[in-house]
Every structure is written in C-alpha cells, then in structure tokens.
Amino acid sequence: MARYTAGTVAAAALILLLALAPVIASLAEQPFYVTLLSRMMIFALAAVGLNLILGYGGMVSFGHALYIGVGAYAVGILNFYGIDNGYAHIAAALVCGTVIATLVGAVCLRASGIGFIMITLAFAQMFYFLAISFKQLGGDDGYGLTSRSDFKLFDLSDNTVLYYVIFFVLLLVLLAFSRLVEAPFGVALRGCKENERRMRAMGFATWRIKLTAYVLSALVCVLAGVLLANLTRFVSPSYMNWTTSGDILLMIVLGGLGTLIGPVFGAVAWLALEEILSSFDLGLPGNADAFIRDHWAIVLGALVIAVALYLKDGLYGYLGGGRKAAS
Amino acid sequence: MTALTVRGLTKFFGGIRATDGLDLDVDSGDIHAIIGPNGAGKTTLINQLSGELNPTAGVIRLDDVDVTHVPIHRRVHLGIARSYQITSVFLGFTALENVMLAAQGQRGKTFSFWQPVARDAPLVERARSLLARVGLDDAVHTPVSAMAHGARRQLELAMTLALQPKVMLLDEPMAGMSRHESESMVTLLKSLKGVCSIVLVEHDMDAVFALADRITVVVYGRSIATGTPKSIRNDPSVRAAYLGDEEEPA
Amino acid sequence: MTLALFFAQLLNGFQLGVLLFLLSAGLTLVLGIMRFINLAHGSLFMVGAYFAVTTYEATQSFVLAGLVAIAGALLLGAALERTLIAKLYSRDHLYQVLATFGLILVFNELARIIWGQTPIFLNVPDVLSGTVNLFGFEYPAYRFAIITVGLLVGVALYIVIHRTRIGMLIRAGASDAEMVAALGVNIRLINTAVFAAAAALAGVAGVMAAPILSVQPGMGEPILILTLVVIVTGGIGSIRGAFYGALIVGVIDTIGRSFLPAILREVFERSVAQAAGPAVSSMLIYLLMAVVLALRPSGLFPVKHG
Numbered sequence: 285m286a287r288y289t290a291g292t293v294a295a296a297a298l299i300l301l302l303a304l305a306p307v308i309a310s311l312a313e314q315p316f317y318v319t320l321l322s323r324m325m326i327f328a329l330a331a332v333g334l335n336l337i338l339g340y341g342g343m344v345s346f347g348h349a350l351y352i353g354v355g356a357y358a359v360g361i362l363n364f365y366g367i368d369n370g371y372a373h374i375a376a377a378l379v380c381g382t383v384i385a386t387l388v389g390a391v392c393l394r395a396s397g398i399g400f401i402m403i404t405l406a407f408a409q410m411f412y413f414l415a416i417s418f419k420q421l422g423g424d425d426g427y428g429l430t431s432r433s434d435f436k437l438f439d440l441s442d443n444t445v446l447y448y449v450i451f452f453v454l455l456l457v458l459l460a461f462s463r464l465v466e467a468p469f470g471v472a473l474r475g476c477k478e479n480e481r482r483m484r485a486m487g488f489a490t491w492r493i494k495l496t497a498y499v500l501s502a503l504v505c506v507l508a509g510v511l512l513a514n515l516t517r518f519v520s521p522s523y524m525n526w527t528t529s530g531d532i533l534l535m536i537v538l539g540g541l542g543t544l545i546g547p548v549f550g551a552v553a554w555l556a557l558e559e560i561l562s563s564f565d566l567g568l569p570g571n572a573d574a575f576i577r578d579h580w581a582i583v584l585g586a587l588v589i590a591v592a593l594y595l596k597d598g599l600y601g602y603l604g605g606g607r608k609a610a611s
Numbered sequence: 000m001t002a003l004t005v006r007g008l009t010k011f012f013g014g015i016r017a018t019d020g021l022d023l024d025v026d027s028g029d030i031h032a033i034i035g036p037n038g039a040g041k042t043t044l045i046n047q048l049s050g051e052l053n054p055t056a057g058v059i060r061l062d063d064v065d066v067t068h069v070p071i072h073r074r075v076h077l078g079i080a081r082s083y084q085i086t087s088v089f090l091g092f093t094a095l096e097n098v099m100l101a102a103q104g105q106r107g108k109t110f111s112f113w114q115p116v117a118r119d120a121p122l123v124e125r126a127r128s129l130l131a132r133v134g135l136d137d138a139v140h141t142p143v144s145a146m147a148h149g150a151r152r153q154l155e156l157a158m159t160l161a162l163q164p165k166v167m168l169l170d171e172p173m174a175g176m177s178r179h180e181s182e183s184m185v186t187l188l189k190s191l192k193g194v195c196s197i198v199l200v201e202h203d204m205d206a207v208f209a210l211a212d213r214i215t216v217v218v219y220g221r222s223i224a225t226g227t228p229k230s231i232r233n234d235p236s237v238r239a240a241y242l243g244d245e246e247e248p249a
Numbered sequence: 009m010t011l012a013l014f015f016a017q018l019l020n021g022f023q024l025g026v027l028l029f030l031l032s033a034g035l036t037l038v039l040g041i042m043r044f045i046n047l048a049h050g051s052l053f054m055v056g057a058y059f060a061v062t063t064y065e066a067t068q069s070f071v072l073a074g075l076v077a078i079a080g081a082l083l084l085g086a087a088l089e090r091t092l093i094a095k096l097y098s099r100d101h102l103y104q105v106l107a108t109f110g111l112i113l114v115f116n117e118l119a120r121i122i123w124g125q126t127p128i129f130l131n132v133p134d135v136l137s138g139t140v141n142l143f144g145f146e147y148p149a150y151r152f153a154i155i156t157v158g159l160l161v162g163v164a165l166y167i168v169i170h171r172t173r174i175g176m177l178i179r180a181g182a183s184d185a186e187m188v189a190a191l192g193v194n195i196r197l198i199n200t201a202v203f204a205a206a207a208a209l210a211g212v213a214g215v216m217a218a219p220i221l222s223v224q225p226g227m228g229e230p231i232l233i234l235t236l237v238v239i240v241t242g243g244i245g246s247i248r249g250a251f252y253g254a255l256i257v258g259v260i261d262t263i264g265r266s267f268l269p270a271i272l273r274e275v276f277e278r279s280v281a282q283a284a285g286p287a288v289s290s291m292l293i294y295l296l297m298a299v300v301l302a303l304r305p306s307g308l309f310p311v312k313h314g
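Chains as they are written, first to last, in our numbering: chain E, 285 to 611; chain R, 0 to 249; chain S, 9 to 314.
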C-alpha cells in the first residue's frame with residue numbers, strides 16, 4: 285500500500301501546508317491568508333462530502349449546496365433567537381440535515397441518471413427560495429450573526445482557532461471516509477456505482493444503500509455550512525445557490541473524482557484561481573489586467589468547459605495519486 | 000421433492016406474449032436444462048424466475064413459498080440466484096473482491112462503516128474457497144479487467160455460488176467459451192450436483208445432454224416438451240421445432 | 009377575489025405555461041434523443057431576448073427583432089452543437105452538466121461585457137399594447153398574443169413530429185437512438201438540427217418574454233429551473249409531457265402565488281400567513297414535482313422505450 289507516487293507526496297505536502305499556514309501567515313504578517321485558506325478548507329470539506337456519492341456512488345447531485353445552506357441557517361436561526369451555544373448549533377444542523385436529506389434523497393432517488401441531476405437542482409432551488417422568504421433573516425440580503433458559535437472550550441472568535449477547528453474537522457472526515465470506503469458499506473456503494481443491477485441480484489438493498497450514502501454526504505456539507513456561517517459571520521441564501529452546487533462539482537472533477545483527497549486539491553486550486561483572477565495585476569499590456577479582474581467569470585467559465593472536455597482524472601490523478609474507486 | 004414450481008407463467012410486453020402459460024417443475028438436486036430456438040423467451044423466463052421482471056400472471060413457488068412478486072434483492076435471500084448471459088462482474092475490483100462482494104450480499108451486515116472488508120477473515124476465507132472451487136485459485140488478486148473471457152465466466156459462477164442458492168439460474172454459462180473451456184465448465188457444473196438445484200439455459204447441445212437430468216423445451220414462450228434427455232432427443236415435436244436450429248459453440 | 013381576477017391570473021398562468029412549453033419542448037427533445045443535459049438552454053433564451061432588444065433599438069421593427077433573435081439563437085445553437093456539444097454525447101452526464109454550467113458562466117459574463125449589468129427593456133409593440141375582450145372582460149393583448157403564438161407553435165410542432173418523415177425519425181430517435189443510427193440515417197445531421205431547433209424555440213420564447221421581463225445577465229437560469237421541473241414532471245423526452253407539464257406548472261405557480269397568501273390568511277393567524285404565504289407559494293411547483301415523482305417516477309406522460 286505504500287506506493288510513494290508524486291500524488292502521495294503532493295497530498296502530504298498539501299496537508300502539511302494547511303497545518304502550518306496560520307503560523308506562516310502570522311510570521312509574514314498576512315492574516316488575510318488564514319481567512320482565505322479557512323474558506324478553501326470549508327469548500328474542500330463540502331467537496332469531500334459530495335464526492336462520497338459522486339465519485340464512489342456515481343450519483344451526480346447538482347444540489348448539494350442546499351445542505352451548506354441548512355448548516356448555515358441552523359446557526360443563523362438559532363443565533364437570531366439568541367442561542368449561541370455551538371453544540372446546540374451543530375445538533376440542530378445535523379438533525380435538520382438528516383430529516384431534509386432523507387426526504388429529498390428519497391424523492392430524488394426515484395429517478396436515475398438524467399432525472400436525478402435535474403431533480404436535485406430543482407430541490408436546491410426550492411430551498412433557496414424558501415430561505416429568501418425568511419424576511420426576519422434579511423431575505424435576499426442575508427443576516428449577520430451577532431457572534432460566532434460558542435463552544436465553551438475554545439473561542440471561535442479567534443480566526444486562528446476557527447482555522448484549526450476547520451482543519452481538524454476536514455481531517456476527521458477524511459479519516460472517517462478512508463475507513464468507510466473500504467468497509468462493507470463503502471464497498472457496496474462502489475458496487476452500486478458500477479453495476480447496480482448485479483448488486484441487487486446479489487441480495488443488496490441498493491436503494492437503502494444509496495439513500496444512506498446520500499444522507500451521509502449531505503451531513504458533511506451541513507458541517508461545512510456551520511463552519512462557513514462562523515467564518516463569514518453571515519448567513520445568506522446565496523450559500524445554496526445552484527452556482528455553488530456547480531462550483532463544488534467542478535472542484536471534485538478538477539481535483540480528482542473518486543479519490544478521497546482529490547477534491548481537496550480541487551477546492552484549493554479553484555478558489556486560489558478565483559482569488560488570483562479577481563485581483564489580477566501582472567502588468568499585461570492595454571486594459572488586459574482590468575478586464576480580467578472585472579470579468580474573471582469568463583476565464584473561469586472557459587476553464588470549466590475545458591476541464592469537462594479534457595480532464596479525465598483530475599489534478600491529483602494526473603500526479604499519479606490514489607487508488608481510484610471503480611471507474 | 001420439487002425445489003421450484005412454476006404454473007401458468009405469463010408475461011406480456013405490450014401486445015407481445017413473451018411467456019405464454021409456462022409450466023415447470025424442477026426436482027431437488029437436479030440439473031434441469033431449458034432449451035429452445037432463439038427468441039423463445041428463455042431469458043425472459045429467467046428474469047421472471049429471478050425476480051427482475053414481474054410476471055403478468057402465473058405462480059412461482061420455491062420450496063412451497065410463493066415468490067412470484069418478491070423483488071430480486073429479497074428473493075436472493077430466499078434461495079434463488081442467477082448468473083448472467085453477458086458477463087456481469089465488477090471490473091474495478093479483483094477476483095477475490097468480486098466474490099467477497101457476492102458473499103457480503105448474501106450475509107447482509109452491509110451497514111458497517113469502519114472495519115475494512117479485507118480484514119474480515121471468514122468472508123475472505125469463504126471467497127477464497129469459492130474461487131478454488133471454480134478453478135480460479137491462481138487469480139485471486141488479479142483485477143477482473145485483466146482476466147480472459149473464460150475466467151470471467153468462471154468468476155461469474157463463483158459469485159453466484161457465493162449466494163448459497165437452493166436454486167441456481169444459469170443463463171448460458173458456456174456463452175463465448177472455447178471447446179476446452181466448455182468442457183471444464185461442464186465438469187465443474189457436474190461437481191455441483193447435490194449442492195443445489197440448477198436451471199440451465201444453454202445452446203451448447205453437447206453440454207446440455209452431458210449435464211441435464213431433465214430437459215424442458217420452450218418455444219414461443221411455452222413449454223412444448225419435458226422429459227429425460229433421451230425422451231427429448233426422440234420427441235418428434237421437438238425435432239420439428241428445432242429443425243435447422245441447432246447451434247454449435249464458436 | 010373576483011372571478012375576473014381569477015380568470016386573469018388563469019390566463020397569466022397559461023401565458024407562463026406557453027413560454028415554459030417553448031423552452032421545455034426543445035430541452036426535452038435534446039434530452040430524449042441525444043441524452044444530453046443542456047443547462048445552457050436558459051442562456052439561449054437570454055440570447056434571444058438580448059438580440060431582440062438590440063435589433064429593435066436599431067431598426068424600430070418588432071418583426072425584424074423577432075427574426076434576428078430567432079435566427080441568431082438557431083445559428084448559435086447549431087454552432088455550439090458542432091463545436092462543443094457533440095463531443096460530449098458519449099460522456100457521462102456529469103461532464104455534460106459541467107460543460108454547460110461553464111457555458112452559462114461564459115454567456116452571462118459576455119452579456120455583462122456587451123450590454124452591461126443593468127437590465128434593458130423592450131416595449132410592447134404598439135399594435136399589441138391594448139387589451140382584448142375575452143368573454144366580457146379585458147385582458148392585455150400582448151399576453152394574449154403570447155398564448156396564441158405559443159399554441160400555434162405547439163400545433164406546428166405536433167404536425168412536424170407526427171405527420172412528417174423527419175418527425176418520425178425524431179420520434180424513433182427518442183425511443184431508440186442507436187437503432188436509428190444503425191439504420192444508416194445521418195444521425196449527426198439530425199442531432200444538429202434538433203439542437204438548433206431547440207435553440208430557435210428558446211429564441212422565440214426569449215423574444216416574446218423580452219417586453220414583460222427585465223432583460224439582464226442571468227435571466228435565463230430561473231426559467232431554466234422551471235423548465236427542468238416541467239420536464240421531470242411531464243416525462244423526459246416527451247413533448248406531450250412538456251406541453252401539459254408546462255401548462256400545469258405555469259397555472260399552479262401563477263395561481264398559487266396570487267391566491268395562496270390570501271387563502272392562508274383566511275385559515276391561519278395573520279403573522280403565520282404573512283410568513284408562510286410567499287414561502288409556500290414559491291415551493292408549490294416543487295412540491296407538485298415531488299408528489300408526481302413519488303407516484304410516477306417516469307413522469308406524467310413518459311415516452312415508451314424500445
């Protein structure tokens with residue numbers, strides 16, 4: 285199992301970099317990077333969550349940002365009513381997430397392939413509109429939290445503390461998933477991706493397996509949402525916008541479908557690219573710099589198309605990384 | 000003692016009668032072959048027996064239990080398992096992992112999230128012995144994508160056996176095999192007599208007459224003759240139905 | 009709530025339904041025949057609207073604006089199909105979805121670059137700016153024209169699909185695409201034609217919607233999502249499903265938004281109704297979709313496959 289490919293080295297380097305980032309940032313007196321990398325890790329977490337059903341389960345959900353919203357709004361709503369206890373936030377988020385994911389997943393899994401993709405998108409939009417109708421939480425404009433979640437044992441109002449909490453959660457989920465994909469459940473899920481008909485002919489209750497995986501992946505996104513609300517101290521319907529769902533999908537494909545750490549690469553690379561483009565200042569001739577800064581969405585859009593057309597194994601896969609799930 | 004009883008099985012696809020009041024009795028421990036010209040509805044029959052297709056009418060009883068409308072993933076646990084005419088194995092896994100997956104399906108306990116399947120000694124052991132049983136003990140860790148067609152058919156059989164069926168439905172297990180491979184498969188299937196009852200759909204007549212205890216001839220979705228290989232060989236209605244239709248494997 | 013108001017909203021529902029039908033007919037054909045999910049369909053709708061406004065500003069002719077918009081959308085659709093879409097037919101739906109997602113980003117940003125972020129407007133053509141008298145009450149002539157045009161297009165589509173040879177090929181392709189290709193029909197040409205026709209229909213919808221919506225970057229996506237709901241509810245690949253689905257969705261959405269808050273106010277206490285009204289009415293069609301899916305996973309009028 286210890287094949288030290290370039291991919292394994294890159295993965296280790298990435299984890300190390302993320303572990304040391306706040307230290308480096310404070311030495312360089314650039315605290316902004318702590319926030320930026322926090323954001324990257326949050327989306328990496330969401331991408332890792334979605335990848336459980338996408339890369340390992342073969343289910344293309346274009347509506348997983350919904351669960352980021354659920355996590356964020358759990359924090360937002362409780363905060364609005366004066367409840368700041370972090371443990372209450374997480375408990376509420378996970379309970380709501382489980383209920384919603386079970387109901388939505390049950391309906392979505394009635395369709396397969398094309399239908400599934402469209403329905404997940406539609407349901408995410410439904411909750412998006414629902415969130416906009418929360419007038420007391422600012423509707424379209426969103427709602428600013430009075431404070432971050434209070435976990436008693438540590439103080440999230442310190443950006444560095446929040447950073448390491450996010451880092452810890454990401455590592456925990458990666459570890460849990462690394463066990464899961466080799467456990468009976470994970471192996472069965474991968475089987476469902478490759479040949480569901482055969483799985484049923486071997487006695488597997490495939491629908492139940494897929495729904496369980498869907499709910500698990502949703503809960504990881506819920507956690508990402510809780511952390512996102514804390515990072516930005518803000519809750520907005522845009523967290524569950526369908527473009528966010530698309531971004532997460534993109535991050536997974538960019539980084540490497542069906543490997544555990546691929547999506548982390550993808551999230552970091554994609555958000556880094558966004559950051560670079562929107563503050564582009566390389567001194568190009570004419571108005572090129574300003575054009576790119578203002579209209580970076582076109583560059584990213586073109587890149588998305590290129591990734592969809594040409595990138596088969598993602599960045600991490602390109603580096604030779606990982607044992608791939610059944611492709 | 001009948002392991003499997005089918006009465007009046009009927010299946011409509013729109014206006015087409017794929018199965019037309021078919022009766023079948025499979026005695027316990029028998030190898031019961033189903034033969035018939037192309038398009039006779041043999042695969043449709045297997046699909047209904049396994050539970051992938053819902054009959055329009057009729058009854059299927061397994062050991063006196065009515066399983067007519069039991070969905071496939073539950074019917075497997077009642078004792079009917081099938082193999083596929085077009086090899087249906089998991090390319091992304093090794094041979095061992097394939098059989099382990101089948102064994103896991105039979106055992107249940109799939110909702111286990113922490114312990115790796117590879118460290119489940121009883122499961123691994125069962126899978127290994129099944130692979131040895133079908134003659135694949137040298138291919139244990141070979142990725143299926145690297146296996147030859149004949150070996151994959153053997154693997155397919157191992158996976159079906161892993162489901163511990165009382166009745167095994169084999170849909171053209173010899174399909175695409177060389178003469179040598181077919182002979183090995185015949186020997187293997189003979190060795191399974193007594194382990195379970197087998198319903199065998201096949202076009203390879205040498206194999207059918209070498210293996211079958213009883214043969215049922217199906218034409219246009221109904222059974223036109225049932226009996227021992229000898230009586231079927233001499234049956235005039237069977238000859239008429241089969242005139243010019245006998246196939247030799249490649 | 010008067011009968012006149014209800015009738016007006018019912019017609020508005022039909023009008024929305026007709027627009028949705030134009031969009032979903034094309035999208036469901038592309039889905040059924042080429043098994044391709046085109047999320048950028050809403051962008052083609054947006055392009056139609058923008059071309060219409062720009063042409064009108066240059067020529068003051070609504071007819072010319074319509075023609076340019078439809079032709080533009082058709083050509084753009086054909087070009088897209090040849091350069092990008094056709095490469096993705098054999099790929100997993102994930103990549104189709106990603107690629108068309110990228111297209112949306114590109115189109116929206118292009119619209120921003122060319123026309124700016126602020127919405128632009130097209131006035132209802134003078135000849136249609138009055139009202140028509142329907143069963144004794146007045147209804148805006150322009151909206152009535154939309155319904156009429158939409159129904160005419162529907163009839164034309166029906167004739168093409170069910171009464172012509174090309175339509176027969178399309179129906180066969182929707183049922184069994186491989187078989188049609190195996191019969192030696194030039195499937196590449198049919199694919200381009202179907203995609204371009206779908207784009208043209210989106211363009212028609214864009215032109216007609218321009219005077220009643222604000223034309224701005226991103227206007228296509230809300231409509232796209234409604235279109236997806238229509239297709240899922242009606243049945244993938246089914247034009248009949250698109251027709252009835254679109255009318256049902258259009259009517260339920262419009263009537264729901266107009267009357268549900270009032271109904272809730274009758275039944276529940278004021279503050280609950282105030283909060284729940286807009287929320288529930290915007291969720292109504294998704295709930296409808298969920299119910300249909302729970303009972304009939306292939307939709308209301310599914311296509312039978314060979």
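Think of the hints as simulated: they come from the structure by calculation, not from any bench. Do not take every clue at face value.
To be verified - Chain E side only, calculated, beta carbon under 10 Å to chain R, not exhaustive: (1) Thr490; (2) Ile493; (3) Ala556; (4) Glu558; (5) Ser562.
Since the model is a prediction, treat every value here as computed from it, not as a measurement. Every residue, glycine too, gets a C-beta built ideally from N, C-alpha and C.
**Q.** Agreement of hint E/Glu558 with chain R interface, Cβ distance less than 10 Å
**A.** Because about 34 Å separates E/Glu558 from the closest Cβ in chain R, which is outside the 10 Å limit, the hint is violated.
Q: Classify the hint on E/Ser562 as holds or violated, based on whether any CB of chain R lies nearer than 10 Å to its CB.
A: Cβ of E/Ser562 sits 40 Å from chain R, so the hint is violated.
Q. Would the stated hint for E/Thr490 survive a check requiring a Cβ distance to chain R of less than 10 Å?
A. Result: holds, 7 Å to nearest chain R Cβ.
Q.
Is the interface hint satisfied for E/Ala556? The criterion is a beta-carbon contact with chain R at less than 10 Å.
A. With a minimum Cβ separation of about 32 Å from chain R (threshold 10 Å), the hint on E/Ala556 is violated.
Q. Once the shortest beta carbon distance from E/Ile493 to chain R is found, is it less than 10 Å?
A. holds, 7 Å
Checked against the numbered hints above, the structure violates hints 3, 4, 5; every other hint is satisfied.
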